[in-house]
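A.B. asks: Sequence:
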Amino acid sequence: AALDFQLYGFGQIVKPRNTVSLMLANFPQGLLTSTLLVSFGNSLYGDIQSVEDVVTCSAKNSNCNLTRVIFSAPSLSSPGDMTGQLHGAAGGRDFLISFKIHVFPPCDFASFCAANAMIADAKRILQNPTSSSTCDVEYCIDTAKLPDPELISLFPSEGPASGGGTVVLSIRNLAVVSSQTLTL
1 AALDFQLYGF
11 GQIVKPRNTV
21 SLMLANFPQG
31 LLTSTLLVSF
41 GNSLYGDIQS
51 VEDVVTCSAK
61 NSNCNLTRVI
71 FSAPSLSSPG
81 DMTGQLHGAA
91 GGRDFLISFK
101 IHVFPPCDFA
111 SFCAANAMIA
121 DAKRILQNPT
131 SSSTCDVEYC
141 IDTAKLPDPE
151 LISLFPSEGP
161 ASGGGTVVLS
171 IRNLAVVSSQ
181 TLTL
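Numbering (the UniProt record's numbering), first residue to last: 1 to 184.
The set of hints was computed from the structure by calculation and includes no laboratory data.
Here a beta-carbon is modelled for each residue, glycine too, at the ideal position from N, C-alpha and C.
Since no wrong hints were added, every one of them can be taken at face value.
Computed beta-carbon distance windows for the label pairs:
#1 His87 - Asp108: 29 to 39 Å
#2 Ile70 - Pro160: 55 to 65 Å
#3 Gly91 - Leu169: 58 to 68 Å
#4 Ala115 - Pro156: 39 to 49 Å
#5 Gly80 - Leu174: 33 to 43 Å
#6 Asp108 - Arg172: 28 to 38 Å
#7 Asn42 - Arg68: 18 to 28 Å
#8 Thr134 - Arg172: 30 to 40 Å
#9 Thr134 - Leu174: 28 to 38 Å
#10 Ser133 - Val54: 26 to 36 Å
Could you build the full structure based on these sequences and the hints that come with them?
C.D. replies: Here is the structure:
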């Protein structure tokens with residue numbers, strides 16, 4: 001499997017979480033997601049999303065059970081090969097299965113999109129991370145095609161001339177890359 005690692009963009013660290021599917025032969029069957037743990041090193045953990053017994057064989061047949069474990073990988077901070085471990089317990093026995101994942105450097109969408117006179121689509125990058133380091137304009141937004149910003153509400157609508165109060169604006173269609181780019 002190959003995953004992209006965290007990147008800096010949109011004025012913040014973006015941490016995509018990739019979905020990984022492991023197909024395991026002769027794996028204990030009938031396990032719940034709560035009985036499994038996936039880790040990468042000492043402090044990085046994935047979230048087990050599902051465990052599915054794909055093929056179940058009779059006890060007299062060996063080497064034919066297949067189980068699919070799907071997990072959401074943690075955001076990894078550097079590229080390279082990483083070893084993941086699937087921990088669990090079944091039948092009163094603990095087990096540990098190791099696997100390798102290649103972590104690749106992601107596209108710098110902030111720079112790539114800017115070079116194409118667009119802005120990066122942070123929502124799409126987070127919800128559907130890329131599966132390679134290749135940049136793709138599908139992850140960019142053409143701001144010329146966005147509707148004009150529209151003020152929905154302003155609170156409070158009046159205050160002391162000396163200022164210093166907090167004003168809350170509700171604006172629709174405001175393309176903001178980061179809060180540091182806003183000036184009032």
